[in-house]
Amino acid sequence: MIPQGHFMVVAEVRPGHEPALREVLARMNTGPGQADPANRLLPFGRFDTLHFARFSILVDTTHADLAAPGGTPEPLPTYLAFLGDCDGPGGRQLDEFVRASAAGLREVFGHCVGCPADAAALAAWLRARDQPVAAAYVNWIGRTRQRIREERALAHALAGRLRELQSAAPGQLQSVRRQLVDYVAGERRQGRLVVAPEPATPFGWWLRNLLHAIAIPVVGLLALPLLLLYAPIFLWQLRTRERSDVQIVPPPDVAHVAELATFEDRCVTNAFTAMGSVKPGAFRRTLVVVLVALLDYAARHVYGRGHLTRVQTIHFARWVFLDDGKRLLFASNYDGILESYMDDFINKVAWGLNLVFSNGVGYPRTNWLVQGGARNAQAFKNYLRRHQVANAVWYKADAGLSAMDLARHTRIRQGLERASMSDREIEDWLRLM
Amino acid sequence: MIAATAFPDFADVQGLLRFGFKHHVESAFALLRVRNRTAARAWLASAPVGTAEKGALPPAVLQVAFGAEGLRELGVPVAVVAEFAPEFVAGLGTDANRARRLGDLGVNDPARWQWGGPGVEQVPHVLVMVYALPGRLEACRRELETHWGIAFDLMRWLSTTDMGGVEPFGFADGLSQPEIDWTREIPPEDHDRLTYGNLSCLGEFLLGYPNEYGRYTARPLLEPAGAAAHLPRAEDAPDRADLGRNGSYLVLRTLRQDVPRFWRYVDAQSGGDAAQRKQLAEAMVGRRMDGQPLLPPADTPIAGVGTDPAARAKNGFTFDADPAGVHCPVGAHIRRANPRNADLPAGTTGLVSRAIRMLGFDVDALHADAVASVRFHRVLRRGREYGVRMSMAEALSGRAPQVETGLHFVCLCADLARQFEFVQGAWIAGSKFAALPHEADPLLGNRLAAPDEPDTARFTMPRAGCPSRVVDGLPPFIEVVGGAYFFLPGIRALRWLATA
Chain P
1 MIPQGHFMVV AEVRPGHEPA LREVLARMNT GPGQADPANR LLPFGRFDTL HFARFSILVD
61 TTHADLAAPG GTPEPLPTYL AFLGDCDGPG GRQLDEFVRA SAAGLREVFG HCVGCPADAA
121 ALAAWLRARD QPVAAAYVNW IGRTRQRIRE ERALAHALAG RLRELQSAAP GQLQSVRRQL
181 VDYVAGERRQ GRLVVAPEPA TPFGWWLRNL LHAIAIPVVG LLALPLLLLY APIFLWQLRT
241 RERSDVQIVP PPDVAHVAEL ATFEDRCVTN AFTAMGSVKP GAFRRTLVVV LVALLDYAAR
301 HVYGRGHLTR VQTIHFARWV FLDDGKRLLF ASNYDGILES YMDDFINKVA WGLNLVFSNG
361 VGYPRTNWLV QGGARNAQAF KNYLRRHQVA NAVWYKADAG LSAMDLARHT RIRQGLERAS
421 MSDREIEDWL RLM
Chain Y
434 MIAATAFPDF ADVQGLLRFG FKHHVESAFA LLRVRNRTAA RAWLASAPVG TAEKGALPPA
494 VLQVAFGAEG LRELGVPVAV VAEFAPEFVA GLGTDANRAR RLGDLGVNDP ARWQWGGPGV
554 EQVPHVLVMV YALPGRLEAC RRELETHWGI AFDLMRWLST TDMGGVEPFG FADGLSQPEI
614 DWTREIPPED HDRLTYGNLS CLGEFLLGYP NEYGRYTARP LLEPAGAAAH LPRAEDAPDR
674 ADLGRNGSYL VLRTLRQDVP RFWRYVDAQS GGDAAQRKQL AEAMVGRRMD GQPLLPPADT
734 PIAGVGTDPA ARAKNGFTFD ADPAGVHCPV GAHIRRANPR NADLPAGTTG LVSRAIRMLG
794 FDVDALHADA VASVRFHRVL RRGREYGVRM SMAEALSGRA PQVETGLHFV CLCADLARQF
854 EFVQGAWIAG SKFAALPHEA DPLLGNRLAA PDEPDTARFT MPRAGCPSRV VDGLPPFIEV
914 VGGAYFFLPG IRALRWLATA
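Going down the list, the protein sequences come from chains P and Y.
Just so you know, we're using the working numbering here: the first sequence kicks off at 1 and counts up by one.
Just so you know, we're using the working numbering here: the second sequence kicks off at 434 and counts up by one.
Since the hints were derived computationally from the structure, they do not count as laboratory data.
You can trust all of the hints, since none of them are fake.
For lysine to any residue, the following SDA-like pairs were computed, each having C-alpha atoms within a straight-line distance of at most 25 Å:
#1 Y:711 - P:167
#2 Y:711 - P:166
#3 Y:711 - P:168
#4 Y:455 - Y:573
#5 Y:711 - P:165
#6 Y:711 - Y:832
#7 Y:711 - P:170
Distance windows between CB atoms, simulated:
#8 P:237 - Y:882: 53 to 63 Å
#9 Y:444 - P:232: 49 to 59 Å
#10 P:298 - Y:705: 52 to 62 Å
We treat Cβ as the ideally placed atom computed from N, Cα and C, and that holds for glycine.
This is chain P alone, in the form it adopts within the complex (with noise of 0.2 Å):
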């Protein structure tokens, strides 16, 4: 199994160089936001193991809104992110990047402060500024592009075979089953469709994981005597901060919004980044940290395999600490429109939303941590909307495939593999081509 990584250069942008790179980042694209898989510049297409990519310059307009709580918003930099997902290691990927493509990244990261000339330094320039996620979500740990290409091939040969056996009566299930399964074998033998064997999983990744599986909750029962006493005063400190802190959800900018819309709908799948100050103090900075950490636990070792929660419709999500913690960054790519991503964040998993971002300025007020914020539908999408940052580049390479479309196909192939099914399940297995 081949984990999936990520990668997030996040590098100042040289002052007064903000147009010029944004006129950069246009000549990447086809439409509004759109890549060009054969973009001249990065040409996303070429490298067989990237899932997702983006290009945001990260204007924080809500900066601020950290006067209300007291903070003080110094000025900071605008910064020139570039982040995706790929099979392997993240930093692995971004070597490939300039391998491939380094007179193309220099066009673009030469807007940034100290961007080397050469190829090689560029490489270790890049390395240096990828960020570390503090937690990511992958819709299917160990699926890679290879597997989604081999697994859309089957789904789309076994929905054509099976168009041919439409008119088969019913009762006669299993022998459609046993046409399909001869089907793809006979396939197979010709070389036309290719189903690869799992390949082994990474021993230091392997062992990292497991790792973490168990330490995590070690140390969580080592500390539980010290949490159960400070439990007491945790809620105290929680519940005065609530009843107090100060909610900014105003509605967004018109033009924000219309922004943002532009590079929207253009396809299946959509990209989200948006960001915002953690709340000043020790307590709120802490308590984020710790709520992260455990979010990237449940992320690696408790979903992974379709769904984050009832959530089945992210395909990969990350959180970033930047600024030494003083901000968040969260980026995710969707599927549907934003309205219907907003509807599962606040229908479903508002609790899991107000855990994390309650602790931004200005979010909704939560009762106990998970109770309110997000349920208030209206001032949290105001929030998420005047926090979101657009992105100037992004490309997808499973062009069309929804996540629950990739769990189809999954689906689709196990159902192949196995030695026998009951009537029921090839009912089931049928439903799904």
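Start from chain P and add chain Y according to the hints.
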């Protein structure tokens, strides 16, 4: 907080929110542009607008609604207009991003619309809806046109035809409506609903009341001074005058239906067999042509449907017992428009199963969890047909119809983004509803290809014990040819617009 009274003040609510005016079978909708502000305001100040009070049937009823530009033309300050919903302020047919989101592309492109598209003077300022008892419409129209004089330019009358509760394809229509909780039985608080209900909070349709989240939808609140002193006060901000209270947003879309195309396609897929043809068409709609559902009523009565056997037979069902869509295909029109589900997948009982499902650990429940909870996405429909009804023989003959026919789709809601736009964008136009691949709404889809999708022109009918039947190559049967967003104000708000 002002104490909630048992009923809203029906004298301050336009009748359309409560009634479908079924006795007023004649109707016409005037699309107007303000020519002279003073004259327009003078007419509005005394226009005899029908309210939601019950009483003797008047010979004709007027309803009046406004576009955002219309409000500005009438002199409403720009800052006040900006406090309405951003979708209303931006408009339906004048924003390319909205068009993409709602599937208004290709044959539905607003650039091709007969009215409401992006051109200059395409967007109506004011909508006047006239509902009349048989034989009374013409006189009423003439009288209005005389009254309007220099006040308005008449863009066009949208005429309607009484087809006896049947839409142009021949299906009984308008059968399923949310029941509005007029007496506010639903407590204004936020909690999960584990069963489907048809009773919707008042605030889902009338501004100024708590919605399904127990909250008040944003709308303009004014200083209660001058003319605004006559406006109702806001329940959630008693020191403010509520311009939205008792009002609603109204969506009007003219949907042209190609009746020959629909029946000839279905006929070709059925090999010319009349019974199969009807069956396929009914599967696409999700109801029988006479309106009977494809599923029997649920064992337990559904809140807001009532216990009356006729109502239960029509609307007392859910899709819980048919997750695969063997009886009513998952992609059928009525299932997309109202999936009749709850906040958690069907069969959630007790704290443990609830927790397991909330965390997504119940695999079977997850498969049924691809569709959002419907109670946040209901609309009240008030559409009227237009044109001339065709017989089946005419439709199948292949002769081009003499007169265009279709539906002036009208719906009301308090939150355009969460209600109308969600249903239209995610469920009707979306090609991934309930994880179905390659298909949009069988009736309303624009059939355009999406990236990596050859088309979205399929329709899948799961069957028991054998492979699903898939029909493809569906042409567009319905084209959007006009549309706009309006605000249907309460009566006092209407008078304020005329005097402010």
